[in-house]
Amino acid sequence: MSSKILNKLSHNILGVVAKRKCLSSGGMECWNRSVTHFTFNPQTPSTKSGDTTRMNLFQAVNNALDIALTTDPTAAIFGEDVAFGGVFRCTVGLQDKFGKDRVFNTPLCEQGIAGFGIGMAAAGATAIAEIQFADYIFPAFDQLVNEAAKFRYRSGNQFDCGSLTVRAPCGAVGHGAMYHSQSVEAYFAHCPGLKVVIPRGPIQAKGLLLSCIRDKNPCLFFEPKILYRLAVEQVPLKDYMIPLSKAEVLVEGHDVTLIGWGTQVHVLHEVCQMASDQLNVSCELIDLVTVLPWDKQTIINSVKKTGRVLIAHEAPITGGFGAEIAATIQKECFLNLEAPIYRVCGYDTPFPHIFEPFYLPDKWKCFDAIKKLINF
Amino acid sequence: MFAKKFVNQKFLLNEILSKNVQKFINTQKLATNPYNKSCLQISRRHLNSTPLSSVLSPEQLATSGAAPSTTSTSAPVDVMAEDVPEFPGSRSKWTETLRFILPEHFEGIPVYRVMNRKGIVIEPSEDPNLSQDMVTKIYKGMTILNSMDRVLYESQRQGRISFYMTNYGEEGTHFGSAAAINDDDLVFGQYREAGVLMWRGFKLDKFMAQCYGNCDDLEKGRQMPVHYGSRDHYFVSISSPLATQMPQAVGAAYALKREAKGRCVICYFGEGAASEGDAQAALNFAATLNAPIIFFCRNNGYAISTPTHEQYRGDGIASRGPAFGIPSVRVDGNDVLAVYNATRQARSICVDESRPVLIEAMTYRIGHHSTSDDSSAYRSVDEVKQWHQKDHPISRTRKYMEHKNWWNEEMEKSWKEEAKRQVMSAFTNAEKQLKPNWMDMFTDVYHEMPDNLTEQMEELRKHLDLYKEHYPINNFKQ
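Sequence lines, in order, name chains A and B. For the first sequence, the positions run 121 to 496 when our numbering is used. For the second sequence, the positions run 1243 to 1720 when our numbering is used.
It is worth saying that the hints were derived from the structure and are not from the lab. Among the hints, a few may not be true.
To be verified - Partial chain A-side listing against chain B, Cβ under 10 angstroms, derived:
| no. | residue |
| --- | --- |
| 1 | G239 |
| 2 | A243 |
| 3 | A306 |
Backbone N, C-alpha and C fix where the C-beta goes; we use that ideal spot for every residue, glycine too.
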């Protein structure tokens, strides 16, 4: 990670955090930490992708939104501060290109944003709502869980809000503390009717976001904010979609199955290499991609082959989505398991500020878990 | 508007001040003096002849009845002292008098009525002169809703349906408002608006099917009784969480505005629901995003057991509208003509000016909150009786019709029998129907059925093969 990118990142987060008026002016030097807890592993686009261009994750999101508005005249983007380009630059240039009635700011009210989006979708328009940070999605929890998720079911399929997508930046960012770091996917994974999707990089982000926007169900799209500037790939310029509810095997292996999503995929990718180099262990790495409804079969197939599993996520371990995956593996692959299923996750504490390096399920914690899995 | 532009553009203000100071000051006073009472005389005639925005601005409403301020009467002073604050967050003048705005300074917003309790139109020019057919249709609708309420309330008491909520005393708000909007305007309701759906031709069979959750229910038996919805009637399915429909209705109105087909949204809610955060979200979003929506509040005095003095301390719900920049009005909800007039005018404002309107219909919840509630535990039977006997939308409409010689005792008698016959026939029919196939429990969770649900449906099928005698399977379609 170049220092230039890092400075931009820090600057950006600083601006946003200050906007939320939750931090004093002290302690700024710690935001210029020069190490992240992972190394981004860029994906190479397939040869059939056509023309590509270098994009980071926020640019890929912007590109997907641009395509969504171009291809669907009913589509509109709204949320807090999206008009000038968004606090993470994801909507830059879109208002100029598509007009104020299609890209606009809302009052500062998350339950209003979610409810407004549901209503737009129910009236037949494509609604792309932004919640500024996943940490602030909870005021909209009622609208998303009681309303969006149940809209089609309760009306007997007479009404739906399937053309609603809610985007929100999520995950650790180095210094986001309690309210700019959370991974909230498990809260929504318990809610039939929603789809929950998390990309690991720009190519994925573009294709998955377009799938979410065009999917006939309300989707929550959580963007790992630490990747916005840091993750750079050659992203295809064309309009393409990546299927939801489909996990992806990124590295094939035969000793241990590693399962993660979002930024954690990159942590686990490094761990694969460490395990191979230092332990001569062959890991199979799976990006879950969609948390709900999730792709059981890809995971079951892998575990039947390897017999050992490590699941890692940033969110706290108790009630985290890793528990759901572990319980399912235990039922479906009981005879294949050679060791207990390990979960390396955030601790059951609020997400801390200065203790972040100790909190995260980093590569060393995951590496240690692999040792234990192998030696069990 | 003149003054506001200056506030926002300092350079322009300075330029104008230097060119023609006195002219500016005069204009500003005219434009912003909130105590110009002549602006506040609002009647339907005015509204018909003048663009509404020039008569009924939110800031005028907000300050109606306020005590005069000392600054507004002070003599002209130094020119520079007459400058205006430049804060982006408001459009104010300076004052050197510390004075809190007290709610006591405001008179309650008056209740607009067309006819009195005897059904006599007070101001003939306010009579919307609805046709005999239309008034008869409204009356018949209100009475048949009343008959359906009685039958379904009793059927719940007998354990034949699980739950019910009557509409007693609020029939006028439903039919008066529904008749004033277009049949393809989108309705978002709370749960006590069955009359709106009835006005649009939703059949008694379908009401009953929903309450019984039988195989004719459009919602496939998934929701509690009275949670009606019909795509064909542009009536969005009711859900239990209160006020959630409010910001949704705003989003839908915004989408309709972009569609540009002249449709709008009406959103009903009770005064209790108005305390939810979603209500504040909705009013604010609607105003800032210029959504063509009618917010229709049924203020019936109670939210279950909670009386309005424990619900709010301001002047009801209507007074909140101007604070959000929304034209607002309060009407007699037991006066179907007043409700009609207000809703009709509101619809014009919505569609013509692309902005929200708030109507607060004052009424009284004559029935219990629901079949799970005994309201005598928190209010007197006499109070209820009073409203039922002296001020009921149905009896008032009947008196109006009798004055016009459109209705008489004989017609009343035969219609009552006919209404009862129709309701009982739908009721017996609904009770006979089977419930939907159990597999409908798994469909429509998503647009497509995901693998986990396919698996779970298969699990249940296998389970039922083995244990069906323990389930009420014969009541359900196979």
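Hint check:
Against a cut-off of 10 angstroms between C-beta atoms, the interface hint on G239 of chain A holds, since the closest Cβ of chain B lies about 3 angstroms away. Annotation: interface hint on A243 of chain A holds; nearest CB of chain B at approximately 4 angstroms, less than 10 angstroms. The criterion of a C-beta within 10 angstroms of any C-beta in chain B is not met by A306 of chain A, whose closest approach is roughly 16 angstroms, and the hint is violated.
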